[in-house]
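Note that the protein sequences, when read in sequence, are chains H and C. The first sequence begins at 1 in our numbering and counts up one residue at a time. The second sequence begins at 203 in our numbering and counts up one residue at a time.
No lab work stands behind these hints: they were computed from the structure. No incorrect hints appear here.
Dumping the calculated BS3-like pairs for lysine-lysine here, alpha-carbon to alpha-carbon at most 27 Å:
1. C/Lys412 x C/Lys377
2. C/Lys412 x C/Lys396
3. C/Lys285 x C/Lys412
4. H/Lys14 x C/Lys289
5. C/Lys391 x C/Lys412
6. C/Lys285 x H/Lys14
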Amino acid sequence: MTTVAELPAGFADKVLSAQSTFRSVMDAMARPGTVQRITAVAGTPAAMMRGTAAFALTLFDHDTPIWLDERMSETSEVTKWLKFHTSAPVIADSAVSSFALIGHPRELASLDRFAFGSNEYPDRSTTLILQVESLTQGPAIGLRGPGIDGQAILQAMIQPPDLFERLEVNVSLFPRGIDVVLVHDDAIVAIPRTTRLVPRGG
Amino acid sequence: MNAPTYNFAYLDEQTKRMIRRAILKAIAIPGYQVPFASREMPMPYGWGTGGVQVTAAILGPEDVLKVIDQGSDDTTNAISIRKFFGKTAGVATTTATSDATVIQTRHRIPEAALHGGQILVYQVPIPEPLRFLEPRETETRRMHALGEYGLMHVKLYEDIARFGHIATAYAYPVKVNARYVMDPSPTPKFDNPKMDNCPALQLFGAGREKRIYAIPPHTNVVSLDFEDHPFTRYRFDAPCALCGADDSYLDEIVTDDKGSRMFVCSDTDYCESRQLAGHRGSESAAPHKERAHG
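One chain only, chain H, in its complex shape (with noise of 0.2 Å):
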């Protein structure tokens, strides 16, 4: 059995390197497509990155109920020191969560498995964290959208190789729809349900 003591540390100052990391991921979300950065340090279980670790301290609580994917769930431990350090509640049924931490993104899920939130309450609906290869290099991705003037860049390595495709999804059934945040180590992009893939030669 892990006692408390075995589980790697949350942040040192919970409270400003929650805020520091509140900005990277608001910037983020707000400039889709842009690489920010996470410079707060926290002990990490082995199946997470650091950017997974430090947003999971900033945004999960008791009101976040949180799915994992089976690379999270391989072993008990990120279980465990989400509910030490968060006490967010982990649950089986992936269409409640308020989000879904997916370390092995090859794998990911249908996203119909997900809550889109309603079309009263599309606020209500998972977000997605997923781990990726690389976030500044790999082929490059044109991106449009809110929070973008004119196109932006982003040259990452992704798995699931068709999630632009699958995010399309976000089109028609816009405003509901999922919002996808993508981590390697310490960088951070977001993929608001707003965003939308730039044709390639478009």
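Use these hints to put chain C onto chain H, whose structure you have.
This is chain C only, laid out in the frame that chain H set:
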């Protein structure tokens, strides 16, 4: 004796997390009003409790805060809120628009163009643009869900039928990212064009009504109008009496009981920096007094 201390920026961490999550959703769905569990603040509703909670949730020690009330840095409300955050967060404050990273505002958008590193936080009394047309929350929510805004156009049309022009002068409804009709808070419609494609992030907090909404940077914001009655800005036809500006929004100030009045910039920082740069108006002190139009 221990002096009473507050958490950084007054709010407790659980409240900040809840507000922060609401802000992220608000940015992801531009113009949609996200419900949030608004807290009691140490000031009455109507004094900017929504804006204060949003500011408290985003503010960090490196931020420089500016607070304006109807464009002025010097009113009771603006000074109180500036002092509140000076005391509870220890942040630097300023009156210069260009130096600020976070600007909390009541009913104005600064004249100086905002830049990408800035966040504009609006204090909102009534966030629901359809509220005076349809009092039931269940109905207005459904109207937003369906994108059914005919009622708003009827209201603007009735203005035209009655007055010959769209007489709505403030809280002029806008459509954000071609989807949600949004109340820009009671800013004069003069300020509406500044919201469109603005490089700064705009956040709106309504404390009593418990709603947060947002306009991300570089987002399309259109003031509702008709082809034959296009949206127009309105400003008093006069230069500022202190700085001579002919492009700023003006306040009318009654100067005696015989009908005399003067027009001055509503944005005090804009006016003062113009005066510092040597611009003069008709009421400026000598030696430039003789120059009527700066």
